[in-house]
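Visitor: Sequence:
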Amino acid sequence: ALPGREDLADLIPDTSLFSDNQEDSPIDVFFIHPTTYSGDRGHRHWNGSTDDQRLNKKTDEGSIKYQGSIFNGVGKVYAPRYRQAHIHSYFTKDTTSAGKAFELAYKDIAKAFQYYLEHYNQGRPIILAGHSQGAQHGFTLLREFFEGTKLLDQLVAAYIVGMPIPRCGLNTIPICQDELDIQCFCSWRTLKTGYTTQKTPQGPDYGITNPLNWSTLDTYAPDSLNLGGVLRKFEGGVLPGVTDAQIRNGVLWAAKPEFKGSIFLTFKNYHIADFNLYYSNVRLNAQQRAEQFLKEKAQN
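Heads up, the sequence shown is in my numbering, so the first residue is 14 and it goes up one at a time.
Misleading hints may appear alongside valid ones.
Unchecked claim - Cβ-Cβ distance ranges computed for the label pairs, FRET-style:
1) Q305 / E116: 28 to 38 angstroms
2) H58 / Q190: 38 to 48 angstroms
3) T63 / D107: 22 to 32 angstroms
4) E19 / R245: 21 to 31 angstroms
5) G55 / K310: 39 to 49 angstroms
6) S62 / S32: 33 to 43 angstroms
To be verified - Dumping the calculated DMTMM-like pairs for lysine to aspartate or glutamate here, alpha-carbon to alpha-carbon at most 20 angstroms:
7) K212 / D107
8) K78 / D27
9) K78 / D23
10) K269 / D236
Simulated from the structure, these hints should not be mistaken for lab results. Here the structure is a predicted model, which means the values were calculated and not measured. Glycine included, every Cβ here is placed at the ideal spot set by N, Cα and C.
I would like the entire structure built from these sequences, with the hints used as guidance.
Guide: The following block contains the structure:
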């Protein structure tokens, strides 16, 4: 995705509440998509090719449309293609090859981000966002490009969602504590209320922010605070009150989402919908943090 070029990050759900504000925004958003290289026909290598048109279509019509579009209300959306690691890299016993796959993927992200800084940014404030593998690379990007550098002054906030992010994994970039904190990161991993699994690392060492009240406390946030999620029918608008949220032991618990056909929803790990379930709240919060950032910078 690039501002000024028509792409699926420009879309908004059918609602009068939203508009694509990229053209006039003073904020940039660098968005890193999650794993879409997941075993479809021809996906036999450790890393996906950026020339794979079927893979690119899958990425664009999935993550860019349903996740990247969250941020067109706050800033100009930049989303690079990269040689993403195969989803098998997370589960294989061949950790050496998997490690190399992730290194190659991050190398592409870092190169794209450096290009963005040199050719597009021009000193503008930055929101960093990513989901799953995108959050993994986003965390590394924060550590290597923002920690202890002047670029930290341009960071509005980071939304690195869907991966176990250490609460204290960054020395100068803390976890966001409320809805207006800036130069901090937000992260959550969503499971059905009451569900525990060894496949999902849990515990107090992981940074978790509740996307309905933007607190790191375990205060329950009812579904009445959910301004609207976006599920399979993007064009159908948002679904207010689709689920609630509560932090529990380093993960986010959410009630089974309520929508037409949800009776058939049987899985308990809501990872794929970490952003989607809270689409409107994240969209609004990104705008609030950007406004706070600009306000504080104007006062300094």
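Visitor: Which of the numbered hints are not met once you compare them with the structure shown?
Guide: none
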